[in-house]
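J.: Chains A and B supply the protein sequences, listed in that same order. According to this note's numbering, the first sequence holds residues 1 to 311 in order. According to this note's numbering, the second sequence holds residues 1 to 305 in order.
Any given hint could turn out to be false.
Below, computed lysine-lysine pairings styled on DSBU-like, alpha-carbon distance capped at 30 Å [claimed, not checked]: (1) B/K133 / A/K233; (2) A/K206 / A/K227; (3) B/K228 / A/K227; (4) A/K206 / A/K306; (5) A/K285 / A/K307; (6) A/K6 / A/K38; (7) A/K226 / B/K133; (8) B/K89 / A/K149; (9) A/K265 / A/K233; (10) B/K52 / B/K88; (11) A/K62 / B/K228; (12) A/K12 / A/K175; (13) A/K153 / A/K62; (14) B/K55 / B/K198; (15) A/K199 / A/K6; (16) A/K237 / B/K173; (17) B/K261 / A/K233; (18) A/K227 / B/K135; (19) B/K198 / B/K173; (20) A/K285 / B/K228; (21) A/K233 / B/K14; (22) B/K88 / A/K265; (23) B/K88 / A/K149; (24) B/K135 / A/K237; (25) A/K38 / A/K206; (26) B/K198 / A/K233; (27) B/K133 / A/K285; (28) B/K261 / A/K227; (29) A/K199 / A/K226; (30) A/K226 / B/K228; (31) A/K6 / B/K198; (32) A/K265 / B/K135; (33) B/K198 / A/K227.
Covered, in the sense of this in silico footprint (three residues per stretch, anywhere, with C-beta under 8 Å from a C-beta of chain A), are these stretches of chain B [to be verified]: (34) 176–182; (35) 240–249.
Which bits of chain B does chain A cover? Going by a derived footprint, with three or more residues having C-beta under 8 Å, they are [said to hold, decoys possible]: (36) 12–20; (37) 158–166; (38) 205–218; (39) 253–260; (40) 274–285.
Everything labelled a hint here was simulated from the structure, so no lab data went into it. The beta carbon of each residue, even a glycine, is placed where N, CA and C say it ideally should be.
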Amino acid sequence: MTMIRKLGDFAKLAREKGPKKMVVLAPEDNDFMMAIKKSHELGYIEPILAGDKKRIAEAAQKVDFNIGSFRKISEEDKQSISDLGIRMLFSGETPIAGKGQIPTSYIYRSIIREEAKANSGMTVSVVSLWEVPGIDHLIAFTDTGVSIKPNMKAKKEIIQNAVFVFHLLGYTRPKIAVLSGQREVGGTMASYRDYEALKIEADEGKFGDCEIVPATSFTEIFLAGKKRTGDEKNVRKDCVPHILIVPCLDTGNIICKLDFFLNVKRSSLVATSRGPVCIPSRSDKSHNLVEQISMGVVLADHMERKKKVQK
Amino acid sequence: MIMNSFNDILKAAKHSGARRIVIPSPAREDIDVLSRAAASGLVIPRFIGETKSLKAIAGKSPLFPAGAEIISADDPQDALNLAIEQLKKGETDILMQGGINPQVLLDTLQDKSTGLKTSRTISYVSLFQHFSKDKLMLVTDTFCNNFPHVAEKQGILENALNLARTLGMEAPKVAVLAAIEQVNPAIASTLDAAILSKMSDRGQFGKATVEGPLDIDCAVSRAAAERKGLHSIVTGDVDIYVVPEIDTGYLFAESLAFFGKMRSAGVVLGTSSPVIINLPFISADDKAVEIALACLMCRKGKNHG
Numbered sequence: 001m002t003m004i005r006k007l008g009d010f011a012k013l014a015r016e017k018g019p020k021k022m023v024v025l026a027p028e029d030n031d032f033m034m035a036i037k038k039s040h041e042l043g044y045i046e047p048i049l050a051g052d053k054k055r056i057a058e059a060a061q062k063v064d065f066n067i068g069s070f071r072k073i074s075e076e077d078k079q080s081i082s083d084l085g086i087r088m089l090f091s092g093e094t095p096i097a098g099k100g101q102i103p104t105s106y107i108y109r110s111i112i113r114e115e116a117k118a119n120s121g122m123t124v125s126v127v128s129l130w131e132v133p134g135i136d137h138l139i140a141f142t143d144t145g146v147s148i149k150p151n152m153k154a155k156k157e158i159i160q161n162a163v164f165v166f167h168l169l170g171y172t173r174p175k176i177a178v179l180s181g182q183r184e185v186g187g188t189m190a191s192y193r194d195y196e197a198l199k200i201e202a203d204e205g206k207f208g209d210c211e212i213v214p215a216t217s218f219t220e221i222f223l224a225g226k227k228r229t230g231d232e233k234n235v236r237k238d239c240v241p242h243i244l245i246v247p248c249l250d251t252g253n254i255i256c257k258l259d260f261f262l263n264v265k266r267s268s269l270v271a272t273s274r275g276p277v278c279i280p281s282r283s284d285k286s287h288n289l290v291e292q293i294s295m296g297v298v299l300a301d302h303m304e305r306k307k308k309v310q311k
Numbered sequence: 001m002i003m004n005s006f007n008d009i010l011k012a013a014k015h016s017g018a019r020r021i022v023i024p025s026p027a028r029e030d031i032d033v034l035s036r037a038a039a040s041g042l043v044i045p046r047f048i049g050e051t052k053s054l055k056a057i058a059g060k061s062p063l064f065p066a067g068a069e070i071i072s073a074d075d076p077q078d079a080l081n082l083a084i085e086q087l088k089k090g091e092t093d094i095l096m097q098g099g100i101n102p103q104v105l106l107d108t109l110q111d112k113s114t115g116l117k118t119s120r121t122i123s124y125v126s127l128f129q130h131f132s133k134d135k136l137m138l139v140t141d142t143f144c145n146n147f148p149h150v151a152e153k154q155g156i157l158e159n160a161l162n163l164a165r166t167l168g169m170e171a172p173k174v175a176v177l178a179a180i181e182q183v184n185p186a187i188a189s190t191l192d193a194a195i196l197s198k199m200s201d202r203g204q205f206g207k208a209t210v211e212g213p214l215d216i217d218c219a220v221s222r223a224a225a226e227r228k229g230l231h232s233i234v235t236g237d238v239d240i241y242v243v244p245e246i247d248t249g250y251l252f253a254e255s256l257a258f259f260g261k262m263r264s265a266g267v268v269l270g271t272s273s274p275v276i277i278n279l280p281f282i283s284a285d286d287k288a289v290e291i292a293l294a295c296l297m298c299r300k301g302k303n304h305g
């Protein structure tokens, strides 16, 4: 499997691997419906539209999208929409699910239930991928959406989920940095103690094929002991880890959405044991949504292939 | 007049006249930085430490400032104590970290009798020069406080507002950051942010608009905020970002420096004199900006931020 190094790679691959069935949960907003329309036209997905029939029809009409031929599931209660969609993903009926106008916490609740039923041992965490100019691979911040203050147990699961995603993306031995606000003052931070403990476990091979690097800050990652200079000649981009474990939700969410400000591109998703769930932010625009869907399609395809190999 | 760039800060500081800066146990690179700052008329340095080696450096360096004083001290702690004594007496204006261990420095500063502690919270502000437009952004607290509670955050914000006003921002726009823009009792940062925002509504921060909680997309993008139904003059035009705690603050500041390639400077605030400390992601060039920043804070006399 070739390594996916850019978010743009997903678009090309999604055209090759698609269309895949995607259950779309409450697509009631114009931007979101537009993204579904484009993803369908590009051959990524064949949508199954679940939610309030009337609102779905209105949104479709507004973006000039003929939804006559698609399967529709009528349901008005948001938690029920979420439950039935995630159940379809876990039963194998659809390889992808996508969140529309439903609070993300409802989706997480549904996923947690299904994972428990499936006895998969996987928890829910959000992986936010970045494409950064000058860095020749994708980097991911995680968990950027679920755990408010992950403890050691949660961080282990967050690492396992992210490694799972990176293996699917073709990174055979992803490098991981456990980030911390540890600096020369303020004693030893809890986030730094987590790093120390997790590094020992990773070195013992407990997280499978991956490596935790001895760096907890961007200064260590980018300067590796050198000093920052005005011309930035000491900033090195060839040793940036693939997975960045953030200390808490505030940190992860605040940094990963810097794509609204800096010259980076972002795409987020939840990887469940049965397939990807696209969970766009309420502020994401439709082109960004299409990119997230293309990523879901490619990951779903890689998961299907992996399952076949395992069989 | 409002300062919009690091150059504006340097210019304004030079214009306001040279300040006296004291530096205990300076390293060679400190001396180089201060020599350049002295040559440009920003400061008159006073070096405290081992006289013999300092004089040797002075002898060899053609740049060594003519008016600089060298004062003898036996060890770094003595040098620091002497430096603080001089600041308290008003013999010097600014303290630079020099060769002092940063934790020792902060602990000494915090001491009510021997340090530079006032009734204000001691905090650190990182200053960034926007990568594409003429604008300065303040981020706080990015170094001193680990997990400030809301009273400390109030102090941290007041310090930053002081600095912002010194930089000419008349009515600073403040984003108190959190993971989400809604107030959620399960996420403590959103509660603190809401409290600060309400305090601002009641005029407790003077002429300023404090908006919070704001997630980063709403803070940096007016369009994103509007899509979430959040309407505020702060969105898309933030002067001061207040972070929830240090894990976020330190990593956020580093992200702006490395992913955003933004120039960065900073200063310790809330002490009776400005203090410059060494942060690993600040370049030697921008150390001069920190000195200039400290000079500008002195202009406010004993009431500096």
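J.: List, from low to high, the hint numbers that the structure doesn't satisfy.
T.: 2, 3, 5, 8, 13, 14, 16, 22, 23, 25, 26, 30, 31, 33, 36 and 37
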